[in-house]
Amino acid sequence: MNQPSPDLAIETHGLRKVFGEKVAVEDLTLEVRRGEVFGFLGPNGAGKTTSVKMLLGLVSPTAGEARVMGYPLDEPAARKKVGFLPEHFRFHDWLTAQEFLELHGELYGLTRDDRRQRAVEMLDLVGLGGFAGQRLRTFSKGMLQRVGLAQALINRPELVFLDEPTSGLDPVGRLRVRDIIRNLREQGTTVFLNSHLLSEVEITCDRVAFINRGKVVRISALKGLMDGGITLEVHAHGLTPPILAGLARWSQDVRADGESLTLTIEGEGEIAAINRYLVEQGVEVYALCPQHVSLEDLFVQVIGTEGVL
Amino acid sequence: MSRVSVFARLTFREASRRRILIVALLLGLVFLGLYALGFYMMRRNFLEDSTTRSPVILNEMSNFILMAGLYAVNFLTVMMAVLTSVDTISGEISSGTIHTLVSKPIRRSEVYLGKWLGFIFLLTLYLILMVGGVIGIVKWIAGYAPPNLLFGVGLLWLNAVLLLSVSMLGGTWLSTLANGVLVFGLYGIAFIGGWMEQFGAFFHNQTAVNVGILASLIMPTESLWRRAAYEMQSPLTSALGGFTPFSSVSVPSPAMIAYAGIYILAVLILGLRAFSRRDL
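Protein sequences, first through last, are from chains A and B.
At position 168 of the first sequence the residue is numbered 168 (the working numbering), and the sequence of numbers has no breaks.
At position 250 of the second sequence the residue is numbered 250 (the working numbering), and the sequence of numbers has no breaks.
Among the hints, a few may not be true.
[Said to hold, decoys possible] Ranges between beta-carbon positions, derived for each pair:
#1 270(B) <-> 172(A): 46 to 56 angstroms
#2 109(A) <-> 91(B): 18 to 28 angstroms
#3 177(B) <-> 20(A): 17 to 27 angstroms
#4 181(B) <-> 44(A): 27 to 37 angstroms
#5 83(B) <-> 133(A): 52 to 62 angstroms
These are computed hints drawn from the structure, not numbers from a lab.
All values derive from a computational prediction rather than experimental measurement.
All C-beta atoms in this analysis are idealised placements derived from N, C-alpha and C, irrespective of residue type, glycine included.
For reference, chain A alone in the conformation it holds in the complex (with noise of 0.2 angstroms):
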């Protein structure tokens, strides 16, 4: 691999992971820069815990090569600003967790005075500061997914793995994630987040990859995506053939059903124009509804409904 690239909090290439027979990862290269938030979308089994699993150094690939933080996996360096979330948390539940937090920050190298000190605020960040003096072993699902986010944060990490960080969460835990997810980026965080709630990402992440059978399939920025499939719903009292030729130089897909229509249109620039247009041309405008494609129509469109285990 070349030169570390000060840009780039985690470059892979050809990584690839065999257990015994099986290909669990098969081709691994992406590319995830610094300071975004980067979905990883892919059906279950397709090998997304695994590669995680190897750019955190829990297991070694059998073939490829990959740089996290500008460090080879196997240099625990590589690991010194990074937080991880795994999807199955379980912890030492022996201990409180004030303790516990304090032990992982201890692990990262934190002073006493500072660890003490950032697990009471992580516990605050997370919502569970009145329970600092609590032993997990009491803790509820939900909680225990909390505090293990707070372990992946206290170390000021640069880069954050969160592996489905709100599998254990009801509706109010998950905008209190997505508020945490949202302040890391504007503090210039790189997370990496993996999760099959796609609505969760398509509000969180600035690019995807799409990864299947143990290869990475496509990579695309989320906001380019919208931008490029946007319907537009109209209900409209007088639409006129003539009037409908004249969409065609905003859409070249026009379907009118009596009072409604829909276009497909570029971007929601335009959307103004037509309406603009229609009004001009007398008729009566009732409704405009820009119509996203959904991230979900975009993952079934690029995994496919065949062969998802």
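Mind docking chain B on chain A? Use the hints.
Same frame as chain A, but now just chain B:
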């Protein structure tokens, strides 16, 4: 090195939080109480009978009871060594608690070594309590102390460390239950091998002695105990070639002790390598 001490302290804290320490301490005290009572009653019997009142016989009696006590302590320490550590690697792997630990900027060898040292600290405390209790009781009631005390107790300690090391190595590639079966199976081989060697020496059967030595090479626990017993038994018992579970006819050589030391080191290194390389 500081990370190693984090895991050593964590191991000790876990034993304390999960009430292993308190249970071991309470039952250890019950054991010592019964032991003191039994010893006191027996000695009173010996003192009342004019035929057994001589200092030589009293000393032999004290040594015999002392060795019986240490035999039990050795067994209990072996159990402690295995039961506390059998789950420490495989359990953390199967539950997943290991994932957030080893994904930190640390080496896996620091986790393994820290746990190993933490358990050694735990076992040392236990051994000091139990051996100190047994020897203290005999000294207090009869005024008797065995020869070569420190060296003998050192061998018992080495025995505990050996079983701990084997049990941690097994945990890097076996499930907790399979690991327990493995460690106690090896211990059983050493045990029966030790007896074959004893019988062989007593009846002058070289083949049996050789089989016993082979078993000791596979697992040197029993030979460590028998060398410890040899060191601490009374000179008279040694001279008579006494044949009890608590003494030794065929004495393991110093080379066997050196072998046990190398064995521990090899098992530790194998465990460190296996744990560092395996997928988690």
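| request: Determine whether the Cβ-Cβ distance between residue 181(B) and residue 44(A) falls within the hinted range of 27 to 37 angstroms. | output: 34 angstroms, holds
| said: Given a hint of 52 to 62 angstroms, does the C-beta separation of residue 83(B) and residue 133(A) actually sit inside it? | reply: 30 angstroms, violated
| Is 17 to 27 angstroms a correct range for the gap between the Cβ atoms of residue 177(B) and residue 20(A)? | Once the Cβ atoms are compared, 23 angstroms apart, the range 17 to 27 angstroms for residue 20(A) and residue 177(B) holds.
| Okay, residue 109(A) versus residue 91(B) on CB: inside 18 to 28 angstroms? | 26 angstroms, holds
| query | Regarding residue 270(B) and residue 172(A), is the given constraint of 46 to 56 angstroms on their beta-carbon distance met? | reply | 50 angstroms, holds
Consistency with the previously given hints fails for number 5 only.
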